[in-house]
Amino acid sequence: MSTVEHTAVRGGALAGAVPAMRRFRDQSPHWFLLLGMMLAALVMMDFTTWLVLTLSGAAMGAMLFLMASGMTLTFGLMNVLNLAHGAFISLGAYAGATVLLFWMNDQASASSVWLNLASVIPALLFAVLVASLIGWVFEKLVIKPVYGDHLKQILVTVGGSIILMQLIEVVWGSNEIPVPRPEAFSGAVVVAGIALEKYRLLSVVLGLLVYALMTWIIERTRVGILIRAGVEDREMVEVQGYRVHLLFLGVFIAGSALAGLGGAMWAMYEELITAHMGDELMISVVVVIILGGLGSIKGCFFGAILVGLINLYVGFLEPRLAAVATVGLMVAVLMWRPQGLIPVIRV
Amino acid sequence: MLANLLSGDYPRSRILMVILAIIMGILAFGPFLFPGVRAFSMMGMICVFIILVASYDLMLGYTHIVSFAHTMFFGIGAYGVAMATASWGKGFDAVLLGAAGAMVVTVVLALLLGLLSLRVKAIFFALVTLAVAFAFLSLVTQLYPITGGEDGMRVHVPRELGPAFRPLDDTLAGFSLPDAFAALLGNTSWQEVFFEVRITGRTLMYYVAFGASVLVFLFLLRVVNSPFGKVLQAIRENEFRAQALGYNTVLYRTAVVVLSALLACLAGVLFALINRYVNPENTLAFELMVFILLMCVMGGMGTLYGSVIGVTLFLLAQNYLQDLLKLLVEQLPPDSALAHLVGPERWLLWFGLLFVLSVYFFPSGVVGQLRLWAARSPRTSNTPEAVDTDEPRTQYR
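Those sequence lines, one after another, are chains Z and P. The numbering of the first sequence is the working numbering, which starts it at 1 and goes up by one. The numbering of the second sequence is the working numbering, which starts it at 1 and goes up by one.
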């Protein structure tokens, strides 16, 4: 880059740092933005607050990642824009809440860690199961006829989202339902004088696990190779004797399952669920996948953490502007890099 | 003269023509045909929504741009008037100033949105507008001192457009259609069919909205049949080719976004004046945006007449389908699963289902289907161009 050479020629002690900064900014914009934001926040508040907020933001980001990864996966691999994704988030939340409140309420309200775990894990699994089953039906009935046509995808998935949310209200009623978090996961652990909420730590760990697993599957396994090849050239993979549609179906089900998992996690985080929670979360999900670059899993992860952090930081400084700051971040990134932080789509 | 007014774009279906004439007639003489308040306010909403949905169709149907920020511009118009009249009193100058301010904000925002996201990929626009509209909604909800937050604002309309204003001392005669039906069936006497209509400022306001809606509709017909409109449709069919022919597609797309945003803003201004109360739910909510989408698609994308049909159908369903479902529920055993499915609050479920089915089976909506039938029937088969339902031939990427 000519500007880099230009500054280097000017010399001086600081000049060595500036091109290095630039290279860092252009080569890994996601790290640049993340570190920049954390530093900026650190300047504006004291260290303990900053640490707590950063952890909370990371936790929120991890849950957002669970929800958003499904949508970015279906878009990146199948070129399907599923605006009914929010309905799957709601569905997961209600399925999880059903297990916690009605089927395993004794274990959930007990004060033993193991009994609590014995209710939370089935709740999460049930959320995944319900979301993937409905996802399977949804793909067959709603999405399959409109592959390759973005406009119709947007229309039918908006319609499908209405239907799903109405059905949720038919089954579970239209009032909001409180979902108390099991005792073992509420409260905080104190590390070096700083209180860190247990549930947030748990969601960060879970988010990282899912991220690692997804990256591993896509990049290292045979299924991942086939999926990537199918995206690249569908016919060629079919000629080799693979049924690409089955792969894509699997991807869609996985995406719905992740939305369900994220929804169930969010239900226990907020401790209150409504059928329309998916619509509200959908906005953050959309910001996350645009930020990261449509279709990129790595970008989605960083986007989710960024959105989680800015929500918490701005929420602390000026609570009313949290949503505006989130969208503002998206707009700023789009102006800087129109394709998102880590673009994968071919225009 | 009719060809001039409609810019040569006829309904091209006899049934459609009849339906449109009925809707037009009812709207034109509305206050003299329906005595109730409910019907009156619904007709006002139909007029406002025709502007809103027809301008949305300009983007969605004619250019294949999916925007989720149409309600944002609608809300800007409505809040512009509400805020202006709240601070400068109830006068026409305040209304005009508010409307002008709203228009300026609309143009700036629409330009930014268009230039920011239309150059990347068409699908980006849908997602970016979704996020921006949400941020706007949350801003309006949070800024309680300025916008009244969730409580919304009363709109102080000028006295001439309010219920207290009486331009005529006498009442006029009205002919009640619902009572006429009842009389035909022998349920009421024919004397009750005639009722007295008192012309108030609200009636005037209704006619302002009606006039604006007719004018905007004719204007849009002219736009889509002008060279500009043809370029839009060319971009819809094949963007690459339109570019190769030398059209700056980003410019055209941005222009259409700005134009339709401006009309949405105008609809918002009229809405504030006719409804006299604005809050985030009735102007900015995501649900309203989805409703606009439903109206546009079910009526028929890419046919402006479709927006008239779509709006009328949808608002009728919203107001009266619930009553119908209530009747249905009473026939069913109480508290059964079926009763929950058809409960009056579930009308949206059935509408959503209808919507998805119509996207699959009637992608060009009611109007497209009627035109197709008209083109197939032997009576009109001597007009071959009638087959053209404005249905896009290539897929949208």
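Misleading hints may appear alongside valid ones.
[To be verified] The following residues of chain Z were derived to be distant from chain P, with all beta-carbon distances above 12 Å:
no., residue
1, Leu-141
2, Val-158
3, His-276
[Unchecked claim] Which stretches of chain Z does chain P cover? Using the computed rule of at least three CB atoms under 8 Å from a CB of chain P, they are:
no., stretch
4, 148 to 157
5, 166 to 180
6, 205 to 214
7, 285 to 295
[Unchecked claim] If you only want the chain Z side, here are some residues facing chain P, beta carbon under 10 Å, derived:
no., residue
8, Leu-81
9, Leu-83
10, Ile-163
11, Ala-229
12, Leu-247
13, Gly-250
14, Ala-254
15, Phe-316
16, Pro-319
Think of the hints as simulated: they come from the structure by calculation, not from any bench. Even glycine gets a Cβ: it sits at the ideal position worked out from N, Cα and C.
- prompt: Of the hints given before, which are not true for this structure?
  reply: 1, 2, 3, 6, 11, 12, 13, 14, 15
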